[in-house]
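Colleague: Sequence:
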Amino acid sequence: MPAVLEEFDPIIGEPKIEWAGSCSGSGHSSGFLFCVHSPDSSHLRIYVSDFRDITWESVLSVLQLEDMRDSAGIGGSLSHFIHYLVASIKSEDVKLLLEALPNSIDTKSAKLVAQKSKGMPRISFSLTKLTGSAASDAMANLSLELFKAYKGLQYLFMQEQERRLQLTEVIAAERENNESIQSQLELNSNRHKLQKTMNSLDKADASASVVTNGQNSPDKKAVRHPGPTKVAKRFIPAHHRAKIRGVVLQDSENDKNS
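Going by my numbering, the sequence shown runs without a break in its numbering and finishes at 258.
If you are wondering where the hints come from, they were derived from the structure by calculation, not from laboratory data. Beta carbons are placed, not taken as given, at the ideal position from N, Cα and C, and that holds for glycine. Take these hints with a grain of salt, some might be off.
[What the hints assert, rightly or not] Distance condition first, Cα-Cα at most 30 angstroms in a straight line; then the derived BS3-like pairs of lysine-lysine:
hint, residue 1, residue 2
1, Lys16, Lys108
2, Lys95, Lys108
3, Lys111, Lys129
4, Lys151, Lys16
5, Lys118, Lys108
6, Lys151, Lys95
7, Lys16, Lys95
8, Lys90, Lys129
9, Lys95, Lys118
10, Lys116, Lys90
11, Lys16, Lys148
[To be verified] The calculated label-pair distances, taken between Cβ atoms and stated as ranges, are:
hint, residue 1, residue 2, range
12, Leu185, Glu160, 32 to 38 angstroms
13, Phe8, Ala134, 21 to 27 angstroms
14, Gly76, Lys151, 16 to 22 angstroms
15, Leu194, Leu165, 19 to 25 angstroms
16, Asp9, Asn188, 14 to 20 angstroms
17, Ser77, Glu169, 25 to 31 angstroms
18, Lys148, Lys108, 28 to 34 angstroms
19, Lys148, Arg175, 36 to 42 angstroms
20, Glu169, Gln64, 25 to 31 angstroms
21, Leu144, Ile74, 29 to 35 angstroms
22, Glu186, Asp9, 16 to 22 angstroms
23, Asp53, Phe8, 25 to 31 angstroms
24, Gly76, Ser133, 38 to 44 angstroms
Work the whole structure out from these sequences, hints included.
Modeller: Okay, here's the thing in structure tokens:
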């Protein structure tokens with residue numbers, strides 16, 4: 001289905017190299033990179049290169065992809081198979097199987113094999129070796145896809161940095177707001193404690209005032225400090241008073257005559 005390949009994003013990776021044959025890759029110590037992309041809506045293309053001596057290519061049409069789906073034993077639509085293919089190529093188990101020519105450092109054949117997970121069907125691409133300008137064009141296309149992938153990652157990184165900065169600002173604002181709320185709560189708590197203390201002191205002062213006023217009341221003062229008691233004058237009969245006064249007067253006259 002063309003729409004499936006139109007939405008296909010390039011996949012770039014480094015395969016694990018496995019050699020077969022007597023040479024066992026003694027003359028090829030450098031690594032390889034692969035790129036799987038869709039040049040148009042009808043084809044899927046694979047490049048594999050060491051950017052020095054060896055470059056391979058595989059181009060598959062939609063019909064060939066459907067045949068690959070049937071060979072792998074994967075049911076469902078082509079879209080479902082493409083999703084499985086992408087998951088397999090993005091997995092950690094992608095291998096470049098190289099077969100060396102007898103007594104030579106050249107390769108006889110190459111395959112790019114991907115497996116989504118152990119026990120799942122394998123996806124295998126047979127590769128054709130490129131030479132001359134075709135190999136140069138393939139390396140140029142692979143380099144261009146690498147640059148596009150780098151720019152895409154750089155853009156995502158910048159977006160992530162911007163989101164991180166915004167999140168940092170939001171967190172800082174929330175922290176400042178929380179600190180302000182905490183300070184306000186502590187202030188209100190201190191005010192409440194102070195008010196309770198003042199109320200307790202007011203109650204204590206009021207109780208002391210009641211006791212003092214009770215002790216200073218007139219009734220209690222009269223009990224504690226009784227005034228001088230007046231002694232009632234004893235009644236003396238008049239004739240007694242005359243005798244007493246006469247004696248006094250008589251004594252006075254005798255004193256004068258003497």
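Colleague: Now tell me, hint by hint, if it's right for this structure.
Modeller: We went through each hint and held it up to the structure:
no., hint, in the structure
1, Lys16 - Lys108, "holds (18 angstroms)"
2, Lys95 - Lys108, "holds (17 angstroms)"
3, Lys111 - Lys129, "holds (11 angstroms)"
4, Lys151 - Lys16, "holds (25 angstroms)"
5, Lys118 - Lys108, "holds (28 angstroms)"
6, Lys151 - Lys95, "holds (26 angstroms)"
7, Lys16 - Lys95, "holds (5 angstroms)"
8, Lys90 - Lys129, "holds (23 angstroms)"
9, Lys95 - Lys118, "holds (14 angstroms)"
10, Lys116 - Lys90, "holds (8 angstroms)"
11, Lys16 - Lys148, "holds (23 angstroms)"
12, Leu185 - Glu160: 32 to 38 angstroms, "holds (36 angstroms)"
13, Phe8 - Ala134: 21 to 27 angstroms, "holds (23 angstroms)"
14, Gly76 - Lys151: 16 to 22 angstroms, "violated (34 angstroms)"
15, Leu194 - Leu165: 19 to 25 angstroms, "violated (43 angstroms)"
16, Asp9 - Asn188: 14 to 20 angstroms, "violated (57 angstroms)"
17, Ser77 - Glu169: 25 to 31 angstroms, "violated (46 angstroms)"
18, Lys148 - Lys108: 28 to 34 angstroms, "holds (33 angstroms)"
19, Lys148 - Arg175: 36 to 42 angstroms, "holds (40 angstroms)"
20, Glu169 - Gln64: 25 to 31 angstroms, "violated (52 angstroms)"
21, Leu144 - Ile74: 29 to 35 angstroms, "holds (31 angstroms)"
22, Glu186 - Asp9: 16 to 22 angstroms, "violated (55 angstroms)"
23, Asp53 - Phe8: 25 to 31 angstroms, "holds (29 angstroms)"
24, Gly76 - Ser133: 38 to 44 angstroms, "holds (40 angstroms)"
The structure fails to meet hints 14, 15, 16, 17, 20, 22 from the earlier list, while all remaining hints are met.
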